[in-house]
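Trainee: Listed here are the chains, written in short residue letters.
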Amino acid sequence: MFDFIEIFQHGFMLRALIGGVLISLCAALLGVSLVLKRYSMIGDGLSHVGFGALAIGSSAGFAPLEFSIPIVVFSAFFLLRISENSKIKGDAAIALISTGALAAGITAASATGINTDIDNYLFGSILSLSKSDLIICIVIFLIVMIMFVLFYNKIFAVTFDESFAKATGTRAGIYNMLIALLTALTVVIGMKLMGTLLISSLIIFPAIISMRICKRFKTVIITSAIVSITDFITGLIISYYYSTPTGASIVLVNLTVLIVFIIIGSINDRINEKKYIKEDVSSKNS
Amino acid sequence: MEELIKCESISFSYENTGVLKNLSFTVCSGDYLCIVGENGSGKSTLTKGLLGLKAPAEGKIVKCNGLRSSEIGYLPQQTPAQKDFPASVFEVVLSGRLNSRGFRPFYSKNDKKIAHDNIKRLGIEDILHRSYRDLSGGQQQRVLLARALCAGKKMLLLDEPVTGLDPIVTEEMYKLIMELNKKEKITIIMVSHDISAAVKYATHILHLNFENSFFGKTKEYINSPMGKYFFSDGIK
Chain A
1 MFDFIEIFQH GFMLRALIGG VLISLCAALL GVSLVLKRYS MIGDGLSHVG
51 FGALAIGSSA GFAPLEFSIP IVVFSAFFLL RISENSKIKG DAAIALISTG
101 ALAAGITAAS ATGINTDIDN YLFGSILSLS KSDLIICIVI FLIVMIMFVL
151 FYNKIFAVTF DESFAKATGT RAGIYNMLIA LLTALTVVIG MKLMGTLLIS
201 SLIIFPAIIS MRICKRFKTV IITSAIVSIT DFITGLIISY YYSTPTGASI
251 VLVNLTVLIV FIIIGSINDR INEKKYIKED VSSKNS
Chain B
1 MEELIKCESI SFSYENTGVL KNLSFTVCSG DYLCIVGENG SGKSTLTKGL
51 LGLKAPAEGK IVKCNGLRSS EIGYLPQQTP AQKDFPASVF EVVLSGRLNS
101 RGFRPFYSKN DKKIAHDNIK RLGIEDILHR SYRDLSGGQQ QRVLLARALC
151 AGKKMLLLDE PVTGLDPIVT EEMYKLIMEL NKKEKITIIM VSHDISAAVK
201 YATHILHLNF ENSFFGKTKE YINSPMGKYF FSDGIK
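These protein sequence lines are chains A and B, in that order. The opening position of the first sequence corresponds to residue 1 in my numbering, with each subsequent residue numbered one higher. The opening position of the second sequence corresponds to residue 1 in my numbering, with each subsequent residue numbered one higher.
Quick caveat, the hints were computed from the structure, so don't treat them as lab data. None of the values given here were measured: they were computed from a predicted structure. Every residue gets a Cβ at the ideal spot worked out from N, C-alpha and C, and that includes glycine.
Label pairs and their calculated CB-CB ranges:
{"id": "1", "chain 1": "A", "residue 1": "T256", "chain 2": "B", "residue 2": "N110", "range": "43 to 49 Å"}
{"id": "2", "chain 1": "A", "residue 1": "G100", "chain 2": "B", "residue 2": "K120", "range": "54 to 60 Å"}
{"id": "3", "chain 1": "A", "residue 1": "A92", "chain 2": "B", "residue 2": "G216", "range": "45 to 51 Å"}
{"id": "4", "chain 1": "A", "residue 1": "E66", "chain 2": "B", "residue 2": "E125", "range": "53 to 59 Å"}
Quick list of in silico lysine to any residue cross-link-like pairs, SDA-like style, CA-CA up to 20 Å:
{"id": "5", "chain 1": "A", "residue 1": "K215", "chain 2": "B", "residue 2": "K83"}
{"id": "6", "chain 1": "A", "residue 1": "K131", "chain 2": "A", "residue 2": "G11"}
{"id": "7", "chain 1": "A", "residue 1": "K278", "chain 2": "B", "residue 2": "V169"}
Examples of chain B residues lying across from chain A (beta carbon under 10 Å, computed):
{"id": "8", "residue": "Q78"}
{"id": "9", "residue": "Q82"}
{"id": "10", "residue": "P86"}
{"id": "11", "residue": "R130"}
{"id": "12", "residue": "R133"}
{"id": "13", "residue": "G152"}
When you get a sec, could you build the whole thing from the sequences and use the hints?
Mentor: Here it is in structure tokens:
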């Protein structure tokens, strides 16, 4: 078997493990709400904006993270407004912004010569997480967890039925903004590990996987958290042993798990369908 | 009978075109009011107004006798995203209690009891632990109705509650709403396309028609020019 202790004796692997687990957890929690609200593409759009900001920031000599966090947060609010405005079709607008930001980033980077930093942001690297990045990871993780636990019931209500939530006095707009803000933070820090091109998988896969078999919102959330962490660690170990790109390895693990869950889910549905038909018939007869 | 909602010559505009003009009506406790009208006649705008989500351009909507906007049990139209939503029936019904929580983050025992009571009231105990997405259209509407009852025990506002239901389930739904109105004295406001059902069950009709809307008792409506247009062949 793999020698876990040996792997994680390296400082960078330990940092990647801790940082990655925390980011995976945040992404999984937020992902359930984003996927159910049909906002999956926002995560993807944000990662591209994040890349653009990081590339421009590092070309201009700013500290990349500190420079890009406010820009991505701002874009998150902007993308949310686009999605809520039915006049501009949200998905097309997000694609425009994504490619625009990517183009701006690459142009800025090539003007100063593409360096390894930029390459890392595109495809991710387990070597890239510094100690100060890890501290930012922990802070963001704590913010996301506290917000999520405190506002769990409100997030459920707003995700399930925004018009009902609004009608009964919950200010849905604020919770949408909260989710967008937390997603923006998670995306920016997660990009270092997973890369721009793959960070949105961390948000979308666990939610989709757990929704195949779970029937309750709470179990969906818990299962996606577990799936997210397990898949991340598995992908990380595979990438260490076989020198495969970290982000891509994690996505492939997720994809495999998704296929397994789809099969289990469809068998489950068939059994349940028969059971429910029987129950409904017997309750009508009684 | 005590008055619950009084609308005094209200007007709404939508994107700078007026949809409703100079509309007045009153809803008293125990009433069953049906709001009918063509597409674009302002039904959804008026719904938003009643819920306090949109202020009228002119006139005012007065809530009387301690009724608050957030205490109107609202049954919105279903969104496509909801159809495959992984949530248990209990989770959905319980979320109706959110308006009573304010800033307190978690539900109390009392909230859970109220949710259970309403689940029993609508006869959906059997499906308590099922997932919302596995339910039939009629069952889903019952769950949302139970949630609405958790939010407001005095008044329900139903936005086209039978859309997409088959004729048998539609009839069951209408009977259920009638029972809530007659037995439990819950005031009902229902937005509907179905004028013949509206006339059959409602005590009052509000027919929106731009500047000359009709409001009155159902009998008056049948004999009004507007009602006669629909019921010229003498349906009662």
